[in-house]
Structures are given as C-alpha cells and as structure tokens.
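Chemist: As a plain string of letters, each chain reads:
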Amino acid sequence: MTAHPRHELDEIIHAPVRLSIMAALAVSEKADFRFLRDTIEVSDSLLSKHILTLEEAGYVRVEKTFVGKRGRTWLSLTEHGRAAFNAYTDVLRRITEGIPHA
Amino acid sequence: MNAEEGLSPDQALREIDRVDRHVRRSARGVAHLFLILGLCSMVYWPAVALGRGVIAGLAGAGWVVLTIASCVYWARMRVRDRYVMLINGRVSVAYILTTLLAYAFVAVVLPDARGPGWIAALVAVSVLAGAPLVYAAWRIREER
Chain C
351 MTAHPRHELD
361 EIIHAPVRLS
371 IMAALAVSEK
381 ADFRFLRDTI
391 EVSDSLLSKH
401 ILTLEEAGYV
411 RVEKTFVGKR
421 GRTWLSLTEH
431 GRAAFNAYTD
441 VLRRITEGIP
451 HA
Chain U
261 MNAEEGLSPD
271 QALREIDRVD
281 RHVRRSARGV
291 AHLFLILGLC
301 SMVYWPAVAL
311 GRGVIAGLAG
321 AGWVVLTIAS
331 CVYWARMRVR
341 DRYVMLINGR
351 VSVAYILTTL
361 LAYAFVAVVL
371 PDARGPGWIA
381 ALVAVSVLAG
391 APLVYAAWRI
401 REER
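In order, the protein sequence lines correspond to chains C and U.
One gets the working numbering by counting positions in the first sequence from 1 and adding 350 to each.
One gets the working numbering by counting positions in the second sequence from 1 and adding 260 to each.
Bound-form chain C, shown alone (with noise of 0.2 Å):
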C-alpha cells in the first residue's frame, strides 16, 4: 500500500502565511520585510512570528542593514529552504495532478 503524496507536504511550509513568504522569497535573491507584509497582507508581529518558524527550521535567513540611522531587514531562502519549496511544489503537483509517485 502507498502512501498518498499529502503525506509527504511539508508541514512546516504547508501553512498560509508561510507558505506565501516561501513563495515571494523563491523568486527573489531576497525581499525587505515592509514588502513582505504588504504582499501577504498581514500584521508586523503575525509575520515576524512565522518568519522565526522559517528561520528556526533553516528555510529562511534574515539580515538586518542600516542606511544611515535607518534599519533595514532583509529576507532571502537558504539553500535548504529552496530545496524544501521546490520538493514541496512537486508534491503539491503531484497531488493536484493525481501522481503518486514522483
């Protein structure tokens, strides 16, 4: 008996908030975090909250600049984070393409 490809969704990225900031940072070199809440439309703290799971799981890296007294944080996809997205979309097409097997 198989396993349905569900299974195999990666918890950590499966979830709303998350998964958008995956999905900007994916097809970006990186992204400030004011762009982020304005894309995904959500508050400052819900964001930093889901930010902190990325980065804790390794997906995420988060670096703070200043421009003058002006600070400034940046987001980009660790290589693990990217690996994890592109083998989460995979599953996600294997569901909606009813594929079992990748």
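Treat the hints loosely; a few may be bogus.
[What the hints assert, rightly or not] Per the computed footprint, the stretches of chain C lying under chain U, defined by three or more beta-carbons under 8 Å from a beta-carbon of chain U, are:
1. 362-373
2. 401-415
3. 430-444
[As the list claims (entries may be wrong)] Heads up, incomplete: computed chain U residues facing chain C, CB under 8 Å, no partners named:
4. Pro269
5. Leu273
6. Glu275
7. Asp280
8. His282
9. Arg340
10. Asp341
11. Met345
[Said to hold, decoys possible] Subject to a maximum C-alpha distance of 20 Å in a straight line, what follows is the list of computed SDA-like cross-link-like pairs (lysine to any residue):
12. Lys419/C x Met337/U
13. Lys380/C x Gly349/U
14. Lys380/C x Arg285/U
15. Lys380/C x Pro376/U
16. Lys380/C x Arg338/U
17. Lys414/C x Trp334/U
18. Lys419/C x Arg336/U
19. Lys380/C x Asp372/U
20. Lys380/C x His282/U
21. Lys414/C x Arg336/U
Keep in mind that the hints were calculated from the coordinates and are not lab data.
All C-beta atoms, glycine included, are put in the ideal place defined by N, C-alpha and C.
Fit chain U to the known structure of chain C by using the hints.
Modeler: Chain U only, in chain C's frame:
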C-alpha cells in the same frame, strides 16, 4: 486569506502563483529603468559630441540626474528579483565597456571636421553604448 486556516493543494498553488506574479511585477520597474537609461545613453553621446552650448550642457546635467535617480531607485527597491540580479552583473560590465568605448571614440577618435561617415559612426557607437541596457530591459520583460 485566513492565516489560521489550512490550505488545500489547489489553494496553495494559487497562492504561490499570486505571490510569484506580484514579485515578478516589481522586476518590470527595473526593466523600465534600464530602458530609459539605455535610450538616454544612445542620445547622450551625439548630444555631447555634436551639440553646442545649451544642448551639451543639458546632456551632461541629464546624465548626472539620471545616474543619481537610478542609484536612489536601486537603493529604495524593496525586493531583488532573482532574474534581475542574475542579469544585472553581466549587463553592468557590458555597459561600462560600451560607455568607455563611446567615450574613447568621442574624446580620441572623432575629428573636429565631421563628415556624414563620422556622424554615422558616432550614431553606431552611441547605439552600441546603450544597447546592453536596452537588451537587459527586453530580457527582463520577456522573463517577467
């Protein structure tokens, strides 16, 4: 989108597509910037070499304004698209080389007595000077 609810695979794919399109749209601003800089470069060298007084002065001032504006735009960008960053390094090197070539042509090669042949050569060198940026703008629009 409710942050606390689960996602179906279809919803997840749709959300990935939505965010993907949103980020890609931001790259189009860079394409417009490259296109403006490329076309202005093509006009700048003939204006400096053939223009007199006000025209040459305006071209020089325009160059300074565009350089500052592009630096400010780049610094204020809130997302760095992967394809833009990939193409940016190579295009910048190519643009510096073609600009140096145009500068050398205007400063060293171009004689004071300019016939139609020299003017045609100046136009060709000027088009070449801006070509890397126009090419980059076209490639980004194709990809994004």
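Chemist: Compare the structure with each hint and give your call.
Modeler: Structure-based check of all given hints:
no.: 1; hint: 362-373; in the structure: holds (count 7)
no.: 2; hint: 401-415; in the structure: violated (count 0)
no.: 3; hint: 430-444; in the structure: holds (count 3)
no.: 4; hint: Pro269; in the structure: holds (4 Å)
no.: 5; hint: Leu273; in the structure: holds (5 Å)
no.: 6; hint: Glu275; in the structure: holds (6 Å)
no.: 7; hint: Asp280; in the structure: holds (5 Å)
no.: 8; hint: His282; in the structure: holds (5 Å)
no.: 9; hint: Arg340; in the structure: holds (4 Å)
no.: 10; hint: Asp341; in the structure: holds (6 Å)
no.: 11; hint: Met345; in the structure: holds (4 Å)
no.: 12; hint: Lys419/C x Met337/U; in the structure: holds (18 Å)
no.: 13; hint: Lys380/C x Gly349/U; in the structure: holds (16 Å)
no.: 14; hint: Lys380/C x Arg285/U; in the structure: holds (15 Å)
no.: 15; hint: Lys380/C x Pro376/U; in the structure: violated (49 Å)
no.: 16; hint: Lys380/C x Arg338/U; in the structure: holds (9 Å)
no.: 17; hint: Lys414/C x Trp334/U; in the structure: holds (18 Å)
no.: 18; hint: Lys419/C x Arg336/U; in the structure: holds (15 Å)
no.: 19; hint: Lys380/C x Asp372/U; in the structure: violated (50 Å)
no.: 20; hint: Lys380/C x His282/U; in the structure: holds (14 Å)
no.: 21; hint: Lys414/C x Arg336/U; in the structure: holds (15 Å)
Hints 2, 15 and 19, counting from the list given before, are not met by this structure.
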